[in-house]
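Build out the structure end to end from the sequences listed, making use of the hints.
With the numbering used here, the residue at position 256 of the sequence shown is 259, and numbering never jumps.
Hint data in this document are derived by calculation from the structure and do not stem from the laboratory. Among the hints, erroneous ones may be present.
[As the list claims (entries may be wrong)] What follows is a set of in silico ranges between Cβ atoms, one per label pair, in the way DEER data are often shown:
| # | residue 1 | residue 2 | range |
| --- | --- | --- | --- |
| 1 | Leu413 | Ser384 | 17 to 23 angstroms |
| 2 | Gly264 | Lys214 | 24 to 30 angstroms |
| 3 | Asp194 | Glu60 | 50 to 56 angstroms |
| 4 | Asp126 | Glu406 | 45 to 51 angstroms |
| 5 | Leu188 | Ser34 | 15 to 21 angstroms |
| 6 | Asp194 | Thr226 | 29 to 35 angstroms |
| 7 | Lys210 | Lys115 | 54 to 60 angstroms |
[As the list claims (entries may be wrong)] In silico EDC-like cross-links for lysine to aspartate or glutamate, where the CA-CA straight-line distance does not exceed 16 angstroms:
| # | residue 1 | residue 2 |
| --- | --- | --- |
| 8 | Lys86 | Glu99 |
| 9 | Lys407 | Asp194 |
| 10 | Lys333 | Glu367 |
| 11 | Lys337 | Glu305 |
| 12 | Lys86 | Glu108 |
| 13 | Lys111 | Glu87 |
| 14 | Lys407 | Glu168 |
| 15 | Lys460 | Glu307 |
| 16 | Lys30 | Asp186 |
| 17 | Lys111 | Asp75 |
| 18 | Lys172 | Glu406 |
| 19 | Lys179 | Glu196 |
| 20 | Lys404 | Glu164 |
| 21 | Lys30 | Glu367 |
| 22 | Lys404 | Asp94 |
| 23 | Lys132 | Glu367 |
| 24 | Lys183 | Asp194 |
| 25 | Lys404 | Glu157 |
| 26 | Lys160 | Glu406 |
| 27 | Lys337 | Glu300 |
| 28 | Lys477 | Glu353 |
| 29 | Lys254 | Glu202 |
The model shown is predicted, which means the values in this text are computed figures rather than measured ones. Just so it is clear, CB atoms sit at the ideal spot from N, CA and C, and this is done for glycine as well.
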Amino acid sequence: MENKPPFQDVIDSYFQATQGWFDAFQKPTQSTIFKSQVEDWSQLAQSVASNPTSILEQQMTWWNQQINLFNDCILSTSESTAKETDPRFRDESWSENPMYSYIKESYKLVCKSVLDTIGNTQDIEPEAKERLEFFARQFLNAMSPSNFITTNPEIMKLTLESNGENLIKGLDQLQKDMSKSVDMLNIRMTDSEAFVVGENVAATEGKVVFKNHLFELIQYQATTEEVYKRPMMLVPPFVNKYYIMDLNQRKSFVKWLVDQGHTVFMISWVNPDASYRDTDFGHYVTDGIIPALDAIEAQTGEREVNGLGYCIGGTLLTAAMAYLAGKRRKQRIKSATLLTTILDFQQPGELGIFINDPMISAIESQNNHQGYMDGRQMAVSFSLLRENSLYWNYYITNYLKGEKPVAFDLLHWNSDNTNVPASCHNQMLRQFYLENKLSQPNGIEIDGIGIDLTKVKSPTFFLSAIEDHIALWKGTFKAQVC
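Next comes the structure, spelled out in structure tokens:
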């Protein structure tokens with residue numbers, strides 16, 4: 004057996020991943036982002052150059068703050084009593100050690116100075132300012148002293164006490180994550196090996212009663228003696244797995260429903276590969292929702308259902324209701340509950356920085372080449388909307404501390420990525436997000452039928468989440484007036 008040098012597997016994985024990430028920078032999306040950043044920073048530079056007095060005043064203020072900070076942190080003999088609010092710096096050593104206290108506070112001043120400079124600049128396009136603020140924040144948070152061994156006192160102490168064992172364990176976990184990543188490092192949030200679908204997640208008893216090329220339909224029987232006549236159809240998003248509604252017996256909406264006397268049907272969408280490249284949003288209605296309704300009728304004899312959709316699943320459910328109304332058929336979805344569902348896409352939140360024609364054209368080109376949008380890429384993109392809590396936090400825990408991710412069913416679901424067919428992803432980006440056509444009467448068509456959401460007359464309940472960073476409540480709230 005060939006003896007490999009220590010860490011050879013890690014080194015090999017690193018170079019392989021580096022080559023993959025280098026190739027990713029040649030892709031249309033990365034080159035478009037780079038070009039956009041050059042243009043945006045050029046706008047900022049021109050604006051700053053046109054008002055040198057203002058930038059000079061900001062620089063002098065920053066310099067004076069740094070001098071005062073040095074005096075407070077290095078020369079002062081008393082410890083700071085201010086309570087640290089940033090989770091990255093809550094370890095006591097960040098405040099007890101003057102050097103680390105100075106590093107921390109100096110870093111905060113730099114962040115504030117950069118973001119204030121961008122925010123106070125008036126004569127650049129609002130969209131450019133939003134992009135500058137987002138990518139500047141990404142860079143600044145990536146360069147946080149908490150993310151580096153020598154500038155993080157907690158990691159330095161741990162490394163010395165364990166003789167570097169934490170870093171060895173971290174390298175092993177980094178190697179495993181790199182081997183499963185695409186384009187960007189996909190950091191594990193949870194111990195994925197701790198969960199098995201059907202055993203300790205998605206464990207409510209049910210059976211598949213119908214399937215086609217796009218989905219499986221799972222039926223869950225009511226556990227009560229008396230059963231509601233009208234069954235319940237649950238429509239999860241096709242960008243995630245279905246079991247968000249059935250995590251475990253203590254956190255299962257499905258279990259709660261069957262215990263209340265409901266017969267429940269859950270759609271489980273296929274995880275598409277390149278062969279699904281031509282599947283668009285409308286196919287999820289005509290080949291998904293409609294066949295599911297027929298299958299439910301075949302199982303129960305009931306033609307009508309109460310529907311519940313989560314996220315894009317709610318968008319899909321509403322489109323299906325409008326499709327049935329457009330065909331002048333009797334509405335089979337007699338009520339709808341929409342959880343964090345966007346129907347009007349005017350307020351996409353920070354996702355909006357990617358919603359412009361050059362960026363969408365680049366994504367379309369990449370999707371058309373690959374046949375689908377890789378779920379792993381979407382997962383990292385969503386995590387970077389809350390980068391400190393959903394990305395760098397796990398970077399520190401997994402790689403610098405060398406701790407194994409804890410078992411957490413919700414994060415396991417969040418990390419169980421699903422691809423989206425090229426045509427569907429392209430359509431949603433351009434027609435929904437960029438052009439907001441879904442909210443317009445007959446703005447889109449499904450199988451030749453104009454979709455007019457105002458024709459949906461079934462009772463509908465909307466639920467929005469205040470802290471949702473993907474489907475902002477201000478955007479989902481607008482759905483009720485569509």
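Do the hints match the structure? See the list:
| no. | hint | result |
| --- | --- | --- |
| 1 | Leu413 to Ser384: 17 to 23 angstroms | 19 angstroms, holds |
| 2 | Gly264 to Lys214: 24 to 30 angstroms | 26 angstroms, holds |
| 3 | Asp194 to Glu60: 50 to 56 angstroms | 51 angstroms, holds |
| 4 | Asp126 to Glu406: 45 to 51 angstroms | 48 angstroms, holds |
| 5 | Leu188 to Ser34: 15 to 21 angstroms | 20 angstroms, holds |
| 6 | Asp194 to Thr226: 29 to 35 angstroms | 31 angstroms, holds |
| 7 | Lys210 to Lys115: 54 to 60 angstroms | 57 angstroms, holds |
| 8 | Lys86 to Glu99 | 12 angstroms, holds |
| 9 | Lys407 to Asp194 | 7 angstroms, holds |
| 10 | Lys333 to Glu367 | 37 angstroms, violated |
| 11 | Lys337 to Glu305 | 12 angstroms, holds |
| 12 | Lys86 to Glu108 | 13 angstroms, holds |
| 13 | Lys111 to Glu87 | 12 angstroms, holds |
| 14 | Lys407 to Glu168 | 13 angstroms, holds |
| 15 | Lys460 to Glu307 | 14 angstroms, holds |
| 16 | Lys30 to Asp186 | 10 angstroms, holds |
| 17 | Lys111 to Asp75 | 15 angstroms, holds |
| 18 | Lys172 to Glu406 | 7 angstroms, holds |
| 19 | Lys179 to Glu196 | 13 angstroms, holds |
| 20 | Lys404 to Glu164 | 12 angstroms, holds |
| 21 | Lys30 to Glu367 | 11 angstroms, holds |
| 22 | Lys404 to Asp94 | 14 angstroms, holds |
| 23 | Lys132 to Glu367 | 25 angstroms, violated |
| 24 | Lys183 to Asp194 | 14 angstroms, holds |
| 25 | Lys404 to Glu157 | 9 angstroms, holds |
| 26 | Lys160 to Glu406 | 15 angstroms, holds |
| 27 | Lys337 to Glu300 | 14 angstroms, holds |
| 28 | Lys477 to Glu353 | 13 angstroms, holds |
| 29 | Lys254 to Glu202 | 14 angstroms, holds |
The structure is inconsistent with the numbered hints 10, 23, although it conforms to all the rest.
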